[in-house]
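> Use the sequences and the hints to build the structure in full.
Next come the chains, spelled out residue by residue.
Number of protein chains: 2
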Amino acid sequence: MTNQDIKDASAELWQNSIPHISIDSVVFGFLNNQLNVLLLKIKEEENWILPGGYLQKNEGIDDAAKRILYERSGADKIFLNHFGVFGDLNRSEGYFKDYPDDLWHKQRFITIGYYALVDQTQVNPIPDHFTDCCEWKPVHPIPNMVMDHEIIIKKALSTLREHISHKPIGYNLLPEAFTLPELQGLYEAILGEKLNRGNFYRKMMRYDILIKLDEQRRGGAYKAPDLYKFDEDKYKKALGGLNW
Amino acid sequence: MTNQDIKDASAELWQNSIPHISIDSVVFGFLNNQLNVLLLKIKEEENWILPGGYLQKNEGIDDAAKRILYERSGADKIFLNHFGVFGDLNRSEGYFKDYPDDLWHKQRFITIGYYALVDQTQVNPIPDHFTDCCEWKPVHPIPNMVMDHEIIIKKALSTLREHISHKPIGYNLLPEAFTLPELQGLYEAILGEKLNRGNFYRKMMRYDILIKLDEQRRGGAYKAPDLYKFDEDKYKKALGGLNW
Numbered sequence: 001m002t003n004q005d006i007k008d009a010s011a012e013l014w015q016n017s018i019p020h021i022s023i024d025s026v027v028f029g030f031l032n033n034q035l036n037v038l039l040l041k042i043k044e045e046e047n048w049i050l051p052g053g054y055l056q057k058n059e060g061i062d063d064a065a066k067r068i069l070y071e072r073s074g075a076d077k078i079f080l081n082h083f084g085v086f087g088d089l090n091r092s093e094g095y096f097k098d099y100p101d102d103l104w105h106k107q108r109f110i111t112i113g114y115y116a117l118v119d120q121t122q123v124n125p126i127p128d129h130f131t132d133c134c135e136w137k138p139v140h141p142i143p144n145m146v147m148d149h150e151i152i153i154k155k156a157l158s159t160l161r162e163h164i165s166h167k168p169i170g171y172n173l174l175p176e177a178f179t180l181p182e183l184q185g186l187y188e189a190i191l192g193e194k195l196n197r198g199n200f201y202r203k204m205m206r207y208d209i210l211i212k213l214d215e216q217r218r219g220g221a222y223k224a225p226d227l228y229k230f231d232e233d234k235y236k237k238a239l240g241g242l243n244w
Numbered sequence: 001m002t003n004q005d006i007k008d009a010s011a012e013l014w015q016n017s018i019p020h021i022s023i024d025s026v027v028f029g030f031l032n033n034q035l036n037v038l039l040l041k042i043k044e045e046e047n048w049i050l051p052g053g054y055l056q057k058n059e060g061i062d063d064a065a066k067r068i069l070y071e072r073s074g075a076d077k078i079f080l081n082h083f084g085v086f087g088d089l090n091r092s093e094g095y096f097k098d099y100p101d102d103l104w105h106k107q108r109f110i111t112i113g114y115y116a117l118v119d120q121t122q123v124n125p126i127p128d129h130f131t132d133c134c135e136w137k138p139v140h141p142i143p144n145m146v147m148d149h150e151i152i153i154k155k156a157l158s159t160l161r162e163h164i165s166h167k168p169i170g171y172n173l174l175p176e177a178f179t180l181p182e183l184q185g186l187y188e189a190i191l192g193e194k195l196n197r198g199n200f201y202r203k204m205m206r207y208d209i210l211i212k213l214d215e216q217r218r219g220g221a222y223k224a225p226d227l228y229k230f231d232e233d234k235y236k237k238a239l240g241g242l243n244w
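For the protein sequence lines, the chains are A and B, in the order given.
In terms of full-length UniProt numbering, the first sequence opens at residue 1 and continues consecutively.
In terms of full-length UniProt numbering, the second sequence opens at residue 1 and continues consecutively.
FYI, nobody ran anything at the bench for these hints, they're computed from the structure.
Treat each hint with caution, since some may be false.
A pair counts as met if it fits within one copy or between any two copies, since identical chains are not told apart.
What the hints assert, rightly or not - Calculated pairs, BS3-like style, for lysine-lysine (alpha carbon to alpha carbon, straight line, at most 27 Å): (1) Lys106 <-> Lys43; (2) Lys236 <-> Lys167; (3) Lys234 <-> Lys154; (4) Lys167 <-> Lys154; (5) Lys66 <-> Lys43; (6) Lys43 <-> Lys154; (7) Lys154 <-> Lys41; (8) Lys7 <-> Lys66; (9) Lys106 <-> Lys57; (10) Lys154 <-> Lys194; (11) Lys155 <-> Lys236.
Here the structure is a predicted model, which is why all the values come from computation and not from measurement.
Next up, the structure:
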């Protein structure tokens, strides 16, 4: 990114965007039993940055979040959930300190955080004009990030963990028929730790959202593991949560 | 509120505050088995408004939320949780349409929502300069609100309901020793519906956060009801939530 590139961008942003508000998205992907996060690297920059941008004068925040994620990463049709706002003093102000004071990017920004958990094979990351790369990076450990973006990822991750502590997860992330060890792998990837197999099995059964299939997966030398699918109705009901 | 009052406020706000960002707090109070919300009525205005205000240039958003709630209602030392951001187009822009275009309040605002659930007897609402009254109003049904403030209250309420669907509640809201019907009353006030007594009892016992006391409450003509207190350690552990 040249000096002139960012100054041109600044002029256009002052024209069309709402000052002081930015939007950052934390998109988690699950592949091969590993939890990843979609990150960008700005040209000539060492550290990683979240796909983020600015709210236009003529759009609502949810629409802006979708547009920004698409423009910066090529990721489309992703259901984003708001999970937090980051508005401490000096969270981003120092990052553009070498630029003139009227640069758009040098303002104080309060950033609105969105997150998603997606099937990574459905997203093909594409770098934009300002970035050298747009990639899936492992979450454990979080790569070196600019500004407070590590804090933002950690908060998104704790929101995701909170979510799986009381709601089911896995639909659209696992194959239609899956084994319990595969489901356990998803939970372990999100939690970043190994779980006890017996405990996991009992808690899952208590959830009562799985249907055991008659068929078994073939191919291994050992006893074929049982296959399950989600009971769609019960899964959706459990997603609703409120059940007093 | 006179025309001059609001114009004076506008000039000062342009000086000291961050444009386009506002903060609104939804403070729920529990008293006599009823769920209430802390609301203001602006002078010469029919409908109610949430205690809200603007972020100063030199403060973080969490500090701003506390300051604003205190200034507008007198409510102090309240632990506020962020629960949502409201940034649709035209959510607030029409409200000051009769004022000049350079009025601070006439901007597009993206509002950051905070909520709390408090022991109502600990808060003594005091109206500020712009308001006629600051009062606890019942949540069921929500009174007539300005702008999108009814949507904001509903979202705060659904966050609170979500919370009680998987974490304990009641500490600091009930007397130290309480009966199960009293605890059930708190849940019913938040949910806005009657619960089946047997189901509630079984779910509470499964939570394993209550200690049955030896003493019973005296005074009634009927059999004295059993008294319980929270098991503080187990309550706090359950608050943590993550338990895979």
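> Now look at each hint and say whether the structure bears it out.
Comparing the hints with the structure gives:
no.	hint	result
1	Lys106 <-> Lys43	within (18 Å within a copy, 39 Å between copies)
2	Lys236 <-> Lys167	both (10 Å within a copy, 20 Å between copies)
3	Lys234 <-> Lys154	between (30 Å within a copy, 26 Å between copies)
4	Lys167 <-> Lys154	both (20 Å within a copy, 21 Å between copies)
5	Lys66 <-> Lys43	within (23 Å within a copy, 40 Å between copies)
6	Lys43 <-> Lys154	within (25 Å within a copy, 44 Å between copies)
7	Lys154 <-> Lys41	within (19 Å within a copy, 39 Å between copies)
8	Lys7 <-> Lys66	within (25 Å within a copy, 37 Å between copies)
9	Lys106 <-> Lys57	both (19 Å within a copy, 14 Å between copies)
10	Lys154 <-> Lys194	within (19 Å within a copy, 38 Å between copies)
11	Lys155 <-> Lys236	both (25 Å within a copy, 20 Å between copies)
Going through the hint list in order, the structure satisfies each hint without exception.
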